[in-house]
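K.L.:
Sequence:
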Amino acid sequence: MNDNDDYHANKGPKVIAIIIIFPSIALVAVILRLFTRIKLIHYHAIDDWIAVVALLFSIATSVFFALQVENGMGRHYRYLTHEEGVNFYKTLYLSIIIYNVSLLFIKFSILLQYLRVATNKKVRLACYLVMLFTIVYGIEAFFTGVFHCWPISRFWGDKDTGKCINKPILWFLNSGLNITNDLLLLVLPIFILRASSLPRKQKVSICLILSLGGFAAIVSIWRLYALFIVSISNDISWDIAEMAIWSCIELNVGITCACLSTLKPLTCHFIPFIFRIWSSGSFGQHTCVRGARGSENESQKLDVENHAKNGRSMQETLNEGYCPREKQINHPGLDTQISENRKGLVFSQLPNYPALVVVGTNQYS
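When you line the sequence shown up against UniProt numbering, it's residues 1 to 365, in that order.
Please keep in mind that the hints were generated in silico from the structure rather than gathered at the bench.
Given the structure is predicted, the values throughout are model-derived calculations rather than measurements.
Where is the CB? At the ideal position from N, CA and C, for every residue including glycine.
Careful: at least some of the hints might be erroneous.
As the list claims (entries may be wrong) - Dumping the calculated DSS-like pairs for lysine-lysine here, alpha-carbon to alpha-carbon at most 30 Å: (1) K90 x K163; (2) K14 x K122; (3) K121 x K14; (4) K90 x K167; (5) K159 x K39; (6) K90 x K14; (7) K159 x K90; (8) K11 x K203; (9) K122 x K11; (10) K203 x K121; (11) K122 x K39; (12) K90 x K11; (13) K39 x K167.
Said to hold, decoys possible - Pairwise CB distance ranges (calculated): (14) Y79 x L173: 29 to 35 Å; (15) K39 x V86: 46 to 52 Å; (16) E83 x H42: 26 to 32 Å; (17) I169 x V204: 38 to 44 Å; (18) L183 x I229: 19 to 25 Å; (19) R154 x L32: 14 to 20 Å; (20) L32 x Y79: 42 to 48 Å; (21) P168 x V28: 19 to 25 Å; (22) G162 x E140: 33 to 39 Å; (23) V86 x I169: 22 to 28 Å; (24) I20 x L132: 19 to 25 Å; (25) I190 x P13: 17 to 23 Å; (26) L125 x I46: 17 to 23 Å.
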């Protein structure tokens with residue numbers, strides 16, 4: 001490559017394309033999640049809003065990636081002006097901090113979902129331990145990102161004063177902890193499902209969704225390779241473009257995967273055929289009872305016939321979307337307003353239990 005081609009070489013457009021496409025996909029996933037939780041089942045929890053916060057930080061990370069592109073990311077460092085070089089390092093500094101915060105919220109949202117469906121004490125304890133690990137790792141990554149150099153301005157300013165933590169060691173440490181965290185999040189659902197009494201079809205469906213989280217772990221590992229290239233680079237503005245791309249993909253794939261497991265009622269509502277496959281396998285009239293925030297004590301009053309002999313707890317029934325037949329719901333104060341609708345699902349609140357929602361389907365032979 002001659003000097004003229006070298007001067008005009010630019011990975012910036014590729015970075016811009018990625019930071020538009022993947023956050024857009026994550027945005028759609030979060031919107032569908034909120035629509036499902038708020039409009040369809042009238043139930044939302046803290047993990048839904050944590051996912052929103054994670055998305056906001058992910059978008060902010062992409063904004064700083066765009067600012068890095070504007071100030072030279074994707075071009076060879078020797079062709080940047082002094083001002084571009086300083087601004088490049090400033091935006092890099094901020095993007096590292098915001099990236100770590102977004103990761104923390106993504107993982108926390110996923111773990112709260114796990115806790116809501118885990119009923120086995122040992123499995124719940126494992127969830128809490130992973131949550132503790134996530135918090136400790138997140139705090140460490142945040143503060144080492146903020147105080148990577150002292151004074152902080154040394155990160156982008158005068159290299160002759162102050163000192164910085166060894167970049168490769170710090171980056172590899174945090175990346176290794178992140179991959180470990182991803183693998184723990186990937187393994188936990190296996191134990192959650194083993195301890196549950198869900199029908200096999202539902203277990204397979206859930207496993208397929210949760211296995212997508214494995215892709216996020218693979219992205220984290222691939223990002224580690226990009227990180228290695230940056231750590232030995234003498235042309236950081238050129239080589240860091242790949243790391244920015246994989247960081248963006250990692251964040252937004254994580255958010256999307258965290259939302260997929262919440263979209264079953266949306267699928268039930270618009271594609272009832274998928275719901276019939278997902279459910280226990282009988283093609284009669286089904287209802288799905290969902291618990292809502294603050295309804296745990298009330299939900300325990302529900303008496304669902306046969307759930308005991310099937311080895312299911314009522315908490316599992318509420319949290320995991322188990323769909324018993326309508327006639328199985330039997331409580332003196334419970335009024336199940338389920339209208340007959342040949343087109344799909346009917347969602348109705350229970351008057352005496354406003355925190356609960358019934359999701360019904362009607363199929364006719």
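K.L.:
Give a verdict on every hint.
P.N.:
Okay, the hints, checked on the actual structure:
Our distance criterion of 30 Å between C-alpha atoms is met by K90 and K163, whose separation comes to about 17 Å. The hinted pair formed by K14 and K122 fails the criterion: a straight-line CA distance of about 46 Å is larger than 30 Å. Distance restraint check for K121 and K14: the Cα-Cα separation of roughly 47 Å exceeds the 30 Å cut-off, and the hinted pair is therefore not satisfied. Between K90 and K167, the direct Cα distance comes to roughly 16 Å. Compliance with the 30 Å bound is thereby established for this hinted pair.
Note on K159 and K39: the hinted pairing is violated, with a Cα-Cα distance of about 55 Å set against a maximum of 30 Å. Between the alpha carbons of K90 and K14 the distance comes to roughly 21 Å, so the proposed pair stays at or under 30 Å and holds. Our distance criterion of 30 Å between C-alpha atoms is met by K159 and K90, whose separation comes to about 14 Å. Proximity of K11 to K203 is assessed by CA-CA distance (about 43 Å); at most 30 Å being required, the pair is judged violated.
For the proposed pair K122 and K11, the alpha carbon gap of about 48 Å is over 30 Å, so the pair is violated. About 20 Å separates the Cα atoms of K203 and K121, which keeps this hinted pair within 30 Å; it holds. Between K122 and K39, the direct Cα distance comes to roughly 34 Å. Violation of the 30 Å bound is thereby established for this hinted pair. Restraint check: the Cα-Cα separation between K90 and K11 comes to about 19 Å, which is no more than 30 Å; the hinted pair holds.
Taken as a hint, the K39 and K167 pair is broken in the structure, with Cα atoms around 47 Å apart against an allowance of 30 Å. Between Y79 and L173 the beta carbon distance is about 32 Å. The supplied range of 29 to 35 Å therefore holds. As the Cβ distance of K39 to V86 is approximately 47 Å, the hint placing it in 46 to 52 Å holds. The hinted range of 26 to 32 Å is not satisfied by E83 and H42, whose Cβ atoms lie roughly 53 Å apart.
Remark: the range hint 38 to 44 Å for I169 to V204 is upheld by a beta-carbon distance near 43 Å. A hinted range of 19 to 25 Å holds for the C-beta pair L183 and I229, which are about 23 Å apart. R154 and L32 have their C-beta atoms about 44 Å apart, which leaves the hinted 14 to 20 Å range violated. Between L32 and Y79 the beta carbon distance is about 43 Å. The supplied range of 42 to 48 Å therefore holds.
Separation of P168 from V28 is about 37 Å and departs from the stated range, judged on CB atoms against 19 to 25 Å. Separation of G162 from E140 is about 21 Å and departs from the stated range, judged on CB atoms against 33 to 39 Å. V86 and I169 have their C-beta atoms about 25 Å apart, which keeps the hinted 22 to 28 Å range intact. Separated by about 36 Å at the C-beta atoms, I20 and L132 break the suggested range of 19 to 25 Å.
Between I190 and P13 the CB atoms are about 41 Å apart, so this pair departs from the stated range of 17 to 23 Å. Checked against the given bound of 17 to 23 Å, the beta carbons of L125 and I46, roughly 20 Å apart, stay inside it.
When the structure is compared with the earlier hints, violations turn up for hints 2, 3, 5, 8, 9, 11, 13, 16, 19, 21, 22, 24 and 25 and for no others.
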